[in-house]
Amino acid sequence: EDQVTQSPEALRLQEGESSSLNCSYTVSGLRGLFWYRQDPGKGPEFLFTLYSAGEEKEKERLKATLTKKESFLHITAPKPEDSATYLCAVGRGNDYKLSFGAGTTVTVRA
Amino acid sequence: DARVTQTPRHKVTEMGQEVTMRCQPILGHNTVFWYRQTMMQGLELLAYFRNRAPLDDSGMPKDRFSAEMPDATLATLKIQPSEPRDSAVYFCASGLNSEAFFGQGTRLTVV
Chain X
5 EDQVTQSPEA LRLQEGESSS LNCSYTVSGL RGLFWYRQDP GKGPEFLFTL YSAGEEKEKE
65 RLKATLTKKE SFLHITAPKP EDSATYLCAV GRGNDYKLSF GAGTTVTVRA
Chain D
13 DARVTQTPRH KVTEMGQEVT MRCQPILGHN TVFWYRQTMM QGLELLAYFR NRAPLDDSGM
73 PKDRFSAEMP DATLATLKIQ PSEPRDSAVY FCASGLNSEA FFGQGTRLTV V
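Protein chains in written order, with the numbering used here: chain X, 5 to 114; chain D, 13 to 123.
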């Protein structure tokens, strides 16, 4: 059975204080590791897909990396607008059925 | 700006009533997913379709939930009869190859 574990559950940062979120996973036949951002009252918003160990992707202040057992989402010099819950998911099978972690809620104070 | 559209956004209903949630996937996407999100369980996959054919509904309580795609522009999720434990946010998502794009969700409260 797929397992996706995210840590920490919550992260409070000062504006400009860089940090990393962790997503560890156990899945047979990984087809992709996905990162989403979710704001309160909204649906998850797609950020990145990583397909193989060693792959990295960046978007503004976010950078996602992947190893064989975990993925990291690095937030560099965060701003208050980066406050959100960040969800990690693993996809498998031809239809990319996603199994989600519980998420990390990030709060960035000005 | 292409997006997944879900209606209604909010629904309050009494226990035992039928609830229908609707989803318009992004035009051209061939895979549609239904997820449920609660504080306790997080995001759970209920069912999904590819090219309108149901592929997996193992996440759904079969006795009360049903999901259909009458055409390429409409997916529905029905609960009959509804129960208080069904209270959650229900998300529809659509995709073409790998990434799934989510709608804003239907917040269901069963009293």
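What the hints contain is simulated information worked out from the structure, not anything from laboratory work.
Predicted, not measured: the structure shown is a model, and the values here were computed from it.
One should not assume that every hint holds.
[Said to hold, decoys possible] DSS-like mimics (lysine-lysine), calculated; alpha carbons at most 25 Å apart, straight line:
1) 72(X) / 61(X)
2) 73(X) / 46(X)
3) 101(X) / 67(X)
4) 63(X) / 73(X)
5) 101(X) / 61(X)
6) 63(X) / 46(X)
7) 90(D) / 67(X)
8) 63(X) / 74(D)
9) 74(D) / 72(X)
10) 101(X) / 46(X)
11) 23(D) / 90(D)
12) 90(D) / 73(X)
Requested in this report: Would you list, in rising numerical order, the hints stated earlier that this structure does not obey?
Outcome: 2, 7, 8, 9, 12
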